[in-house]
Amino acid sequence: MTATTHEIVIEAQGLKRRFGAVEAVRDISLTIMRGEIFGLVGADGAGKTTIMRLLAGVLRPDAGAIRVAGVDVVAEPKRVRSELSYMPQRFGLYEDLTVAENIFFYSELFSVSPRERRARTGQLLEAAGLAPFQRRLAGQLSGGMKQKLGLVCALIHTPRVLLLDEPTTGVDPVSRRDFWAILYNLRESGVTILLSTAYMDEAERCSRVALLQAGQIRSCDTPSRLKQAMPGALLDVVADDPGAANQALKDAPGVLGLLLMGDRVHVRVDDAGRRSPELRARLAERAIAHTEITTIEPGIEDVFVALLEPDGAA
Amino acid sequence: MSLRRLFAMAFKETLQIWRDPRSLAIALLMPVMQMALLGYGVSLDIKRVPLCINDQEHSQLSRDLVQRFVASGWFSADHASATDRAVRGALDRGACAGAVTIPVDFSRALMTTGSASVQTVFDATDTNTTNVAIGYAQGVIAQTTADFESQWAAAHGLRPPKIGAVDLEARVWFNEGLDSRNFIIPAVVAVILALVGAQLTSLTISREWERGTMEQLISTPVTALEVMLGKLVPYFVIGLVDAAFCLFTAIYWFKVPFRGSFIVLAITTALFTLVVLGIGYLISVRIRSQLGASQVALILTMTPTTMLSGYTFAIDQMPAPVQAVTLLVYARYYVTILRDVFLKGSPLQDLLIPIAALSAYAAAIIWIAARSFRDRLD
Amino acid sequence: MTGSQPVVVAEGLTKRFGAFTAVDRLDLSIAKGEVVGFIGPNGAGKSTTIRMLCGLLRPSAGRASVAGFDVGRQPEAVRAHIGYMSQKFSLYGDLTCRENLRFFAGIYRVPRQERAERTHFAITMAGLEGREDMLVRTLAGGWKQRLALGCAILHRPPVLFLDEPTSGVEPQARRRFWDLIHTLADGGVTILVSTHYMDEAEYCNRITMIDAGRLVAIGSPRELRQQGLGGQLFEIVCAPLGAALAALRQAPGVLEVDIFGDKLHVLVHEQAVAETLRPFLTEKGITADPPRSIAPSLEDVFVQLVSRRSKAPGDAGIKP
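So the sequence lines, in the order shown, correspond to chains A, B and C.
When you number the first sequence by my numbering, it's gap-free, plus one each residue, and the end is 314.
When you number the second sequence by my numbering, it's gap-free, plus one each residue, and the end is 692.
When you number the third sequence by my numbering, it's gap-free, plus one each residue, and the end is 1012.
Possibly wrong hints are sitting among the right ones.
[As the list claims (entries may be wrong)] Per label pair, the in silico range of CB-to-CB distance: (1) A:A119 / B:S575: 25 to 35 angstroms; (2) C:F712 / A:R135: 51 to 61 angstroms; (3) A:A119 / C:F781: 38 to 48 angstroms; (4) B:I682 / C:G798: 50 to 60 angstroms.
If you're looking for bench data, these hints aren't it; they were derived computationally from the structure.
Ideal Cβ positions, reconstructed from N, Cα and C, are used throughout, including at glycine.
Could you put the whole structure together from the sequences, leaning on the hints where they help?
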């Protein structure tokens, strides 16, 4: 396990922020340790971007306290800026400048020495697979490459804290893999990373995850513990006709939830050991040709659905 | 303040301007087009007002009178009409701007009674032209009258009356040819710089907001002052290049006499450039959409600069409250400076008031802009 | 569930924009009532393919037919027989739900006598009873999504195109949405879903993986997972992670190693290799738990297929 020192790097208490009639953030409190990769997971409108902006000091909270790298962000937003790097959801670099020019600009803004800049640029571009594209205009890069460039610029000055708002949305899987390889490397060097995502599966890659809904954190723990906390167990039912299997299991006793997928049904039951044979029997009764029923580990999405109430109205 | 960040900002902005065809067009083409349009297209001089001549007598005297109108250079008499109706028709059509009707008994009346009337009618829809034309016409008539008197006196062996005549010796200083162009073109330069300058910078901040780069920028240690000064540097250089182009065109192409010192011109122009760029920047800071900023820039600069700076209308002819308003029009000071430096050759000492006004303006704009810069999203 | 005559067919479908080939000789055959996913990253050519199938873009080469109509020669007919839903763009935020439905009913020329019934059906399906007169922009993502779906099926189209239907929406809302899709499919509607979100593909009967305009793989989720990976995926908890990663990359029979959270995901040639991993690590002074077999995600499959393709360009991936 990577040693995370027990040093608190990001601390937020009682954050509140509204926009007009909408309360985007209601009473958020977070404590993030050095070396963690912390994931903020939630749907659009849950408050992820607002929280990121509050922590980066580009938005003022209506109430609450924020400390990042020992600096009170609400009182001294400018002081914290040299310690952190913020990557907004929307591509924030200059599309009419080349890759190299963007990197140069950001390294100057952070007063990085030319020697260090050269060294780090070489390293980072290699890791990001962008080395052959230094003279290309940023606007001509693919989505995945743009995000990687954003990350390179964010890292050019060795920040202590990295705030990434939905960094891999829409990015191709290969680029996403490169991206995460860089993040893991950073973790090794003690950088604290907070990222937000709407992808439940991306949450699995984080050291700790906060499940966000309607401006509040509903649950916050490591992925493993979140899964253990999920009531019941998850069964994977593979059948030739998943639709029929789904129908058959609808009112079976002990079934807490059903999810029909393309070629299988995921069934959440209260007790796997007990219900597995019961369901097998039930399916056989209805002459549904099935291949197997296995217990599988739930995903973060399954945890989300099990723990939280469905979204309300507006 | 970090000079390093400031230069980084300036460098980036320069690259972006270089790669943006639109801002290059504004920066380089607009002044050229404006100089051509305004330099050649505009002239306040009234020459060769077309007259419609209704000579009912066709005598030597009447023809002589018509000749005098034409010889003055102020009128042209290409159009002849035979009846009152035809005259009115010609005026209605706009074929002529004025008409002279010489009655059928013109010579006889002059010879027998010593006085005759000539009717002149002018189309007064353009009162400027009309007033001037009437003045010219009266001048022609007065001169004709004096000449007739002399001739008559000589023909009758009398000495022509000379007592009590005041001979006006008019000297025209600074613009001897009364060539309105010399008066207008320096002001044209001021107007062009004011409009172009504001347009150049009006988009710079709005564009960053619209494209999403501002959100990332404000999360870095850069300060409002560094952003502003860094962004203004390349535009300042462009503004000076445009100014140099316009001024040299005025001097060497339009041949407006330049009697002042180039140093005074350079200093005052630099100051004015700073003011107009600052105005555009301020608009950009306050208005987050590019389209909105560009329109506001146009509206806020166009009217005051063209109407209230002394470019079209003389300020001291305006009603007092409007004159007070012109004190706030920054272009007014530069128009005054340019006209003074070009035509009067004024040294710095004589320009202290407008220079002080422009400096105060520059300081105020920069201060307001720096304070207005939002380094937060709300 | 599936009929015999394919409802959507494409042969060598190609689209070029100048020198750039957005879609390269795509072949497709979709049966009635199937739910097929078009999976691939942004820029892969999904939207272009969908637009061609909707009759909005003329193909540069190749043919396609939808609901029996040729997309190149009968685009109007194609459009009258399809429903199209793009959650982010198809609804008018400043109109109410009812007004949106009325608008689309008019656009799709739903016969007058059916409008009331179809509108009611859409509202019920979306669960918007009591909310018909709310402005759409005040609705949360899930509601908008279902309403957009409702608007797309007012005219009972035999084919439905969904473009990124559930991006950014809550999991519960997404599941509810997919239940609706499956119900429609049971009723005989053929559904094509395009998304960059790989795991959405799990809801589809069959998946078409597209990368850089080319078909990379086509098959059911299970088939792709089994055959596409070209190996077996295992999860190992070990420490120190960095050292373990470096070591395993050199181990025999290991195709790929990645960090995933605080564990390693190791792709091995076959089951037997997995047994050798723990001793291999222990030898190097790295503590490790026994490896656990895990099901690969479709994203893992995609990455493997794409990287194999870039190493052997002639390989077109797996086919059913």
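Hint check results:
{"no.": "1", "hint": "A:A119 / B:S575: 25 to 35 angstroms", "result": "violated (53 angstroms)"}
{"no.": "2", "hint": "C:F712 / A:R135: 51 to 61 angstroms", "result": "violated (20 angstroms)"}
{"no.": "3", "hint": "A:A119 / C:F781: 38 to 48 angstroms", "result": "holds (45 angstroms)"}
{"no.": "4", "hint": "B:I682 / C:G798: 50 to 60 angstroms", "result": "holds (52 angstroms)"}
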